[in-house]
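If you're matching them up, the sequences are chains A and B in order. In terms of the numbering used here, the first sequence opens at residue 1 and continues consecutively. In terms of the numbering used here, the second sequence opens at residue 123 and continues consecutively.
If you're looking for bench data, these hints aren't it; they were derived computationally from the structure. By construction, the Cβ of each residue, glycine as well, lies at the ideal position given by its N, Cα and C atoms. Incorrect hints may have been included.
Said to hold, decoys possible - Computed Cβ-Cβ distance ranges for the label pairs, DEER-style:
{"no.": "1", "chain 1": "A", "residue 1": "M20", "chain 2": "B", "residue 2": "E223", "range": "45 to 53 Å"}
{"no.": "2", "chain 1": "A", "residue 1": "Q5", "chain 2": "B", "residue 2": "A216", "range": "47 to 55 Å"}
{"no.": "3", "chain 1": "B", "residue 1": "D192", "chain 2": "A", "residue 2": "R31", "range": "42 to 50 Å"}
{"no.": "4", "chain 1": "A", "residue 1": "D72", "chain 2": "B", "residue 2": "L251", "range": "44 to 52 Å"}
{"no.": "5", "chain 1": "B", "residue 1": "D219", "chain 2": "A", "residue 2": "D45", "range": "46 to 54 Å"}
{"no.": "6", "chain 1": "B", "residue 1": "Y253", "chain 2": "A", "residue 2": "D88", "range": "27 to 35 Å"}
{"no.": "7", "chain 1": "B", "residue 1": "G202", "chain 2": "A", "residue 2": "R30", "range": "36 to 44 Å"}
{"no.": "8", "chain 1": "B", "residue 1": "G202", "chain 2": "A", "residue 2": "M75", "range": "42 to 50 Å"}
{"no.": "9", "chain 1": "A", "residue 1": "Q5", "chain 2": "B", "residue 2": "S226", "range": "16 to 24 Å"}
{"no.": "10", "chain 1": "A", "residue 1": "M75", "chain 2": "B", "residue 2": "D191", "range": "20 to 28 Å"}
As the list claims (entries may be wrong) - Below, computed lysine-lysine pairings styled on DSSO-like, alpha-carbon distance capped at 27 Å:
{"no.": "11", "chain 1": "B", "residue 1": "K233", "chain 2": "B", "residue 2": "K282"}
{"no.": "12", "chain 1": "B", "residue 1": "K286", "chain 2": "B", "residue 2": "K239"}
{"no.": "13", "chain 1": "B", "residue 1": "K233", "chain 2": "A", "residue 2": "K94"}
{"no.": "14", "chain 1": "A", "residue 1": "K70", "chain 2": "B", "residue 2": "K207"}
{"no.": "15", "chain 1": "B", "residue 1": "K203", "chain 2": "A", "residue 2": "K94"}
{"no.": "16", "chain 1": "A", "residue 1": "K70", "chain 2": "B", "residue 2": "K282"}
Unchecked claim - Partial list, derived from the structure: chain A residues whose beta carbon lies under 8 Å from chain B:
{"no.": "17", "residue": "V58"}
{"no.": "18", "residue": "R104"}
{"no.": "19", "residue": "E105"}
{"no.": "20", "residue": "R107"}
{"no.": "21", "residue": "N110"}
{"no.": "22", "residue": "T112"}
{"no.": "23", "residue": "S116"}
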Amino acid sequence: MIQPQTHLNVADNSGARELMCIRIIGASNRRYAHIGDVIVAVIKDAVPNMPLERSEVVRAVIVRTCKEHKRDNGMIIRYDDNAAVVIDQEGNPKGTRVFGAIARELRQFNFTKIVSLAPEVL
Amino acid sequence: MAASLHTRFSASSLISSHDLCHLSPHANGWKSSHMPASYKLGRTIQRSLRGSSVVSPMALAANASQDTDDMYDDLFKKYGKVVYKSSDQKSPTAEVDDDAECLSFAVALAKIASDVKAADIKLLFVKPLVYWTKFFLITTAFSRPQIDAIRNRINDLAEKQYGKFATGDTKANSWTLLDFGDVVVHIFLPEQREIYNLEEFYANATPIELPFENEQRFGR
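Let's have the full structure, built from the sequences with the hints guiding it.
Put into C-alpha cells, the structure is as follows:
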C-alpha cells in the first residue's frame, strides 16, 4: 500500500538509495500502489558519483511491500520493507543488478527483465 | 524466508520460523546473513536447544553456515512433516521430454535470429538455477529495425509451428524481451549487452551448442 509521500528503499544499483513516491501511474485517482505498479518518485538519498542524483524525478516499479500480497492459491507473501526498482521510460531497469527477493507477479506485469536480474524469485 | 510462509514444524517445535526471520540485525530482512548474524542466530538456537537431546555443533569458525544447514536438516528429519505437496510435479521421464521440446523450440528461435544476422547468439540452460523458466536465448542486434525483424519472425514461427504466444515487449527497445514461458528471449543492442552482462549473472548456467554457424563479434 504505497501512496504519495511513502519512502521506499531502492532494490538495485542504479545509484539511488531512497525514493519518495509522488504519484501512482495507472488510473487518475488511485489511492494505493502495490507490487508491480509503476510510480513516479523523487530521489531522496543517492549514492555519490552515480548517474542518478538526489531530488531527481524518476519512475520506479514496486517490488516489495510490507502489506501482504495475496495469491490465488491462498499463499500470502509479506516482506519486511517497501522497495522499488528504478526504471526508465521504456521500462528497462536503470541499474544493472537487483538485490533482494522479487515476487514472481512481476513477470505477469511484463517486468520479466527485473525478474531475470533477481537473485531470488519467490 | 518471508515471515508468513507456513511453518513445517509440528506443534512441539522448539523454534518457529517467525523467530528465525526476526533475528537478523538488519532492518531489511532480506540481506544475506554475514558472519555475525549467523553467529547470533546460532547462539539463540543453542540457548533454545539446551536441555534437548539435539546436539548442535555450532562452531565459531567459518564452518558456521555449514553447521546450521546440517542442524536444520536434523531438525526437519526429527520434527518436520509434509503439510502440502505440490500436485504438478512430473515424473523424470516426462520432465526430460518437456525439456527436449523446449530445447528444440529454443534452437529453432536461435536459427531465426542467426538468419536475420543477429550476432553472438547464446542459448543457456537455466533450469537448475531458476524455477520460472528453462532456457535463455541472448542475442545482439545492431539496429531497431533489425530487432523488429527478429521479433516479428520469432513471433510468427512460435504462433504457427508451436502455438505459443509471447508476452513482453511489443515494440523494439534497447533491451527487448520476449517471454514464451519456458524460453525467454533477450535481444540487446551492443552497448546494453555490455552494460547488463546477463551472461556473467548466469555464468553457472550450462551453455548449449548451437548447430549452425554462429557469427562472433570482433574481439570476443
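Structure-based check of each hint:
| no. | hint | in the structure |
| --- | --- | --- |
| 1 | A:M20 - B:E223: 45 to 53 Å | holds (48 Å) |
| 2 | A:Q5 - B:A216: 47 to 55 Å | holds (52 Å) |
| 3 | B:D192 - A:R31: 42 to 50 Å | holds (48 Å) |
| 4 | A:D72 - B:L251: 44 to 52 Å | violated (26 Å) |
| 5 | B:D219 - A:D45: 46 to 54 Å | holds (51 Å) |
| 6 | B:Y253 - A:D88: 27 to 35 Å | holds (28 Å) |
| 7 | B:G202 - A:R30: 36 to 44 Å | holds (43 Å) |
| 8 | B:G202 - A:M75: 42 to 50 Å | violated (19 Å) |
| 9 | A:Q5 - B:S226: 16 to 24 Å | violated (52 Å) |
| 10 | A:M75 - B:D191: 20 to 28 Å | holds (25 Å) |
| 11 | B:K233 - B:K282 | holds (16 Å) |
| 12 | B:K286 - B:K239 | holds (24 Å) |
| 13 | B:K233 - A:K94 | violated (31 Å) |
| 14 | A:K70 - B:K207 | holds (20 Å) |
| 15 | B:K203 - A:K94 | violated (44 Å) |
| 16 | A:K70 - B:K282 | violated (36 Å) |
| 17 | V58 | violated (17 Å) |
| 18 | R104 | holds (6 Å) |
| 19 | E105 | violated (11 Å) |
| 20 | R107 | holds (7 Å) |
| 21 | N110 | holds (6 Å) |
| 22 | T112 | holds (5 Å) |
| 23 | S116 | holds (7 Å) |
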